[in-house]
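Peer 1: What follows is the residue order along each chain.
Protein chains: 2
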Amino acid sequence: MTEDSNPITYSRRFPTIEDVARLAGVSTATVSRSLNSPARVREATRQAVEAAVKELGYTPNFGGQALASNRTNTVGAIIPTMENAIFARAIQALQETLAARNVTLLVATSQYSPAREEDQIRTLLARGVDGVVLIGSERPASAYELLDARGVPFVILWSAPANTPHVTIGFDNASAAAGVALRVVEMGHRRIAVISGITRDNDRAQARVAGIVAVLENAGIPIHPAYLTECPYSLNDGEAAAIRLLTGTDRPTAIICGNDVLAAGALRGARILGIDVPGELSITGFDDIELATAVYPPLATVRVPHRRMGAAAGDCLMRWIVEGKRPESITLPTEFMDRESLGKLRNT
Amino acid sequence: MTEDSNPITYSRRFPTIEDVARLAGVSTATVSRSLNSPARVREATRQAVEAAVKELGYTPNFGGQALASNRTNTVGAIIPTMENAIFARAIQALQETLAARNVTLLVATSQYSPAREEDQIRTLLARGVDGVVLIGSERPASAYELLDARGVPFVILWSAPANTPHVTIGFDNASAAAGVALRVVEMGHRRIAVISGITRDNDRAQARVAGIVAVLENAGIPIHPAYLTECPYSLNDGEAAAIRLLTGTDRPTAIICGNDVLAAGALRGARILGIDVPGELSITGFDDIELATAVYPPLATVRVPHRRMGAAAGDCLMRWIVEGKRPESITLPTEFMDRESLGKLRNT
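These protein sequences, in sequence, are chains Z and W.
Under UniProt numbering, the first residue of the first sequence is numbered 1, with each subsequent residue one higher.
Under UniProt numbering, the first residue of the second sequence is numbered 1, with each subsequent residue one higher.
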């Protein structure tokens, strides 16, 4: 079981404060105090109550609590897309963390459009959300000004830029992608192509390409401009890009893809052309979403800390909202998942 | 509803601070003070204001423009999950349709929990959404009562029950699944197993199983209880269920899966056991999400009208909201997608 395994409970009865008290081994008064005035209970007690709340999926009744604190008990998240479930596990973990605190998550999708994202930030603020979760750091200053003007706490997931005034809970896209490129080079590949997501307005995609290019340059491997392609994150686009690369001159022996969706598309493109993976062609992904192991051969990829990012975002944001204490940024590790789609270069 | 019920409670107009003041029997200044500085008002006053706020679903801090038209230009959707992108394309089409009218879509995910969905309906109504989109018809009467009490337009996607007082924009799950079962029977299969999603609280999963069972019974094919399994919609669960079915006695020659995610998992299970698909085993899915053609062999499945449902939901809901005219229910066709994972029974 991985950190992203998803325990699903199908208990039908809605848990009560009595259930939480029983599981935590405390009185209902202590549960109430722990939820409403955590500073007034011992840390061990608070943790026991929190664990019980989480385990049971307990949600206190709506009502006076939010009013008393001028809170709406809603948090808004804006993600680029729901397609391909790229952000699904992080959002799920975020929601579970918020639900344990009686906070509802509302999600909007920007389709990677900064203008639409800014509209959505405005809408979420108008709906009175207590906090906001965004993906990536690159957006117009006006979007940040909107958030700052309202003083609504917000955290940024999926990136970890060195110089940012904002709270980020993410990972180093450049070094994770560099790690993939290094593995590909170590396998003996020299004709290495890249299918990136659209880099415009997307700091994650930009950082991944930069990480790959740095490794190749350092290894003295020439990067043909025709080998550096980008397209939207879709299976069809990944397939088409791979077919273009594989039917050109100097066919690459490895394709490093900007995410698992592009890699799954590239895999399909190779199959259409009758090119064996990994015998004749290696393909790598990024994200380690479920798709990575649904396809065959399974994709060598980077495991992004989906659930840890989502849960940490919920924890940090709620502490910020409730206690008014701005959290520190967090950079989480990624892991290279070595799987069959990456193989040694064969003499051809 | 008694004759002296406060009409404001059931009005579509978004409640104002004046409404709260009137219901609580205090001035608007007192309402404001009570909400913003509760310590500065008497406890009895605070409680009266709180009760009025709760009853009316009043939420402060809304933009003046929305108030002018009594609309907030937001629509809420509650989907069971974002995992595996099962609902992604419909939600995307819904959002595009709404965005063309400058309406923002806010999405919550219930994790297939009716209790959580009801909380989320309550939250969306409290946030003042102009309309609501739900998935499936089966939920506690209390959830429908919440919506009816507010008079907020709502439409139901993904199902098309014959007898419902609600507006549904969906398709016939039972007959679509029956169509799959018929194809499988026509291919000569007699040992046919079913991996369904969890049927409890899920009218779509129930209808699909009923459609399959009806066809098999009609064809005189005995259905071993061990052949009828259900599990959560995940790759791992589908894989595990398939492995259990394929390592038991009387191995099935065909597995009809409740959706594409389960089918992709079953495909992986067959591969682990070295069972050739479709040579030794046929597998079918349902949904025709991208996953269906990302895996190999591509899945024979049912194409659900994802985008048409989403777009029609947006159109119907907006006409209802703007013109006050309740739309008719719509039942859309599905299409069987004949692909390689389904083959003729070989003599074994």
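It cannot be assumed that every hint is accurate.
With a straight-line Cα cutoff of 20 angstroms, these simulated SDA-like cross-link-like pairs (lysine to any residue) come out [as the list claims (entries may be wrong)]:
1. W:Lys54 - W:Ser142
2. W:Lys54 - Z:Lys54
3. Z:Lys325 - Z:Asp19
4. W:Lys344 - W:Arg308
5. Z:Lys344 - Z:Arg71
6. Z:Lys54 - W:Glu118
7. Z:Lys54 - Z:Leu246
8. W:Lys54 - Z:Glu145
9. Z:Lys325 - Z:Val152
10. W:Lys54 - Z:Val41
11. W:Lys54 - W:Thr16
12. Z:Lys54 - W:Lys325
13. Z:Lys54 - W:Gln111
14. W:Lys325 - W:Asn70
15. W:Lys344 - W:Thr229
16. W:Lys54 - Z:Val152
17. Z:Lys54 - W:Asn70
18. Z:Lys54 - Z:Asp19
Since the hints were derived computationally from the structure, they do not count as laboratory data.
Peer 1: Let me make sure I understand: some of the numbered hints might not hold for this structure. Which ones are they, in numerical order?
Peer 2: 2, 3, 4, 5, 7, 8, 10, 12, 15, 16, 17
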